[in-house]
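Can you build the whole structure from these sequences, using the hints too?
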Amino acid sequence: MSQTITDIERVDEFSGEDSSSGSIERFLTFTSDNITFGVSTNNVIEIITSYKIRPLPMVPDYIRGIINLRGQVVPVIDIRLRMGRPLLEYTDSTCIIILSIGETSVGITVDFVAQVLDIDREDICPIPVSNRQELSSSMIHLKDGSVVLFLDCEQLIRQY
Amino acid sequence: MDNSMEGLLDTYLFETNSLLDSLDELLINAEKTADFSEDDVNEIFRSMHTIKGSSAMLEFNSLMEIAHHIEDLFFYIRENGIDSLNSEHKKDLFNLMFKSTDKLREEIQKVENNEPLEDNIDSFVTEINNLLNKISNKTADGAAQTTANTAPAAGSQAGASAAAPAPLSRADMPYLLHVYFEDGCGMEHLRAFMLINSLQETDMEFAYYPEDIDTNPDTDETIIDNGFYIAFKTEADLENAAKVVDGSQHIRSYEMVDNSASEGANEEPPAPAVQAASAPAPDAPAASQAPAAKPAASQAPAAKKKAPASHGAVKQDLISVNLSKLDALVAIVGEIVTTESMVTSSPDLQGLRLDNFTKSARQLRKLTDDLQDISMSLRMVSVSGVFQKMNRIVRDMKQALNKDVRLTIIGENTEVDKTIVDNISDPLMHMVRNAMDHGIEENVQDRIDAGKNPQGEIILSATHTGSEVIISVTDDGRGMDTQAILAKAERNGILVKPPEDYSKKEILALLMTPGFSTNTEVTEYSGRGVGLDVVKKNVESIGGVINITSEFGKGSCMTLRIPLTLAIADGMEISVGDSIFTIPISDIRSSFKASEADIVYDPSGHEIIRRMDEFYPVIRLHELYGIQDACTTIDDGILMWLESGDKSYCLFVDKLIGEQQVVVKPLPPYLQYFNIKEAGISSCTILGNGNISIILDVASVYNAAQNML
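Chain order of the listed sequences is A and B. To convert, note that position 111 of the first sequence is 111 in the numbering used here; the numbers rise steadily by one, no gaps. To convert, note that position 32 of the second sequence is 32 in the numbering used here; the numbers rise steadily by one, no gaps.
Think of the hints as simulated: they come from the structure by calculation, not from any bench. Watch out, some of these pointers could steer you wrong.
[Claimed, not checked] Covered stretches of chain A, as calculated for chain B (at least 3 residues, CB under 8 Å): (1) 31 to 42; (2) 71 to 77; (3) 86 to 94; (4) 100 to 110.
Even glycine gets a Cβ: it sits at the ideal position worked out from N, Cα and C.
Put into structure tokens, the structure is as follows:
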């Protein structure tokens, strides 16, 4: 856990100077089932590891349960299962990213957290509708050839 | 709206609401004796003055004006003594006062909901004024009142030719301010009065015309036609007053008239004017001078007196705290309690002999326990406020339904959690209305024939029993006709089994089914067919249970059993596999060991077990929730006989861990989407070791199990 946070802080120092431009936003990227997602750091509260999740009965399988985050009860969603992919057994390196979406706090379990990127909002483009999947509707193509999908936080907690 | 205004508004709402509440209580008590004591009159006068003042400050005009007129009314009563009213007037006065507090409350509600206030309250104001006129005309100075009315008219006619109206042609106050209000702004006399009020605050000496603006709405026309005159002693005062007028609303124009110069040169014209004024009505100056001077004179000291007086009324040993702050405090205290046990039972300390630590830890535990008790008690309020409201309902319905009923209140000082008090108000109202409307007999003769006291009685009582508060509404009316209920239920098609299979308890429970109402007519108060089912729902939402008992011909009793607090519960911790659950102690009848042989199967193959000569279904929690690694044979685990409402069953779990007081935490709202409540999970709690235990809702577990079958 401490390792992850230092990583983020280091990235912060690096990119601190040129982030003055208004359209630059900072995104935390993480990987789940070989897909790289980005989520705005405005939504991220913290990253925690090795937390004991209390499973809940009679809920969809992607709701892994609830955790006690310093007295606050927070539900945890597994991103893999949410996407309909198979569950990867949790290990010590499985991270829970605590997101604050509007009034709601949720934790998402991801395979691992990658880094924090400064992304110009103008470079973000929509995903072609036919290739779109539920949790993301926009993406960015980075210079190193990798692709980051942006997690649609509202969609994540929306019910239908 | 900025923050300071917001805070002001909060205080205003709080203050006004509590004033109205105490006013209501006062009125109810006063009505019992059908008389106001001198203290009552003073109290009403003070309350209205406070409401008027604070409403004016926040520019809630409708509130201000109603309060203002009632204040006038009571000013009159105070001056003349309550004995000057005959009983009919008193009755009118009571009705008017109840109506007024309702109206004020209605307006306050609008303020709370951020809705626009009513601008047209003229008819209401007229009603108050009518009563005032009625009362005052009856009394001795009725003659003076009428002459006072004619005097200004005469004066204005005479004064129109002169620069200043007759009554204001005073040598000592030569500086005149002549104010015109906006066309059609309405209630000019009140606006003028407001102006006078604000001028009075500046400590200036002045006179004004027309003088009876605060009591006589007819002066409106005079003001519209001739404007409103204010006279000052010095030019400086005039300038200051102009500033005040500048800051007021609805002023079309004003002019400053300096009579001092013309006074010396032209001493003659004003004098005839005065004479002209007095000629047609010889006693006019005296009459108009006297009443006007009296209010003006007594207004100022009254205002000064009032400030400390109203402070005295507010209890100094009470402070009002925002509920969310209190909740935050309670939440943190809950945290501290859990953290404390996390520290003291830390695995790192296992097997160590730490005498000093243990001693300090014990001290800490004692303190945290005290802290928890105190923080919980902060949320406890007495039910008297809610009960007092019922007084009012009974009073209103008594008149509307023409039934003679007295309400007896028992145990109004019983304290319950604030959230619960807020939530029982509506159910109680429905219950009392039901008792009034359906319970008490229509005809007094029916009661006399049945050998009852002609006056009906509704008893509202509250008592504590350990972890619950029991609130009951009992009436000595006609009771419930089970056959009629059954027939009605059958007509409405809400029976689920043959009518003859219904027990009395079940029939009475039918009353709380949606869409049921035994009254054939819809009345203003009840009988819309919503009511008892809403009551049931509201009560259940705060974890309570409602129960109806009734004896035909003798009366009925509705009982609410509600947990004292929602924040802390006594729970039994149990484990199933690796999971820990908490079951509210109040729902547990007993727990017992059983063997496979004790289990029998009902015709559809479900497990049931015999307890106290009756069979109860067995629900296996591990099956219901799909928990791995749990005991599967009845012999290895333990059965818990649970009962909640009308659900009674045996729950099969692995083992009992122990009884504990738990701090109930609501589940994250996000999870509500998944109907988690229907799965039998009501909330959760954090255990000493930081793990989460799920608190089961005994009734929903049963329903969930039924749905699984």
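Checked hints:
Check on the segment 31 to 42 of chain A: 0 of its residues sit with their Cβ under 8 Å from a Cβ of chain B, so the three-residue criterion for coverage is violated. Restraint check on the segment 71 to 77 of chain A versus chain B: 4 residues with Cβ-Cβ distances below 8 Å, three needed, restraint holds. Residue count for the segment 86 to 94 of chain A with a Cβ under 8 Å from a Cβ of chain B: 0. That is fewer than the three needed, and the coverage hint is violated. Counting residues of the segment 100 to 110 of chain A whose beta carbon lies closer than 8 Å to any beta carbon of chain B gives 4, which reaches the threshold of three, so the coverage claim holds.
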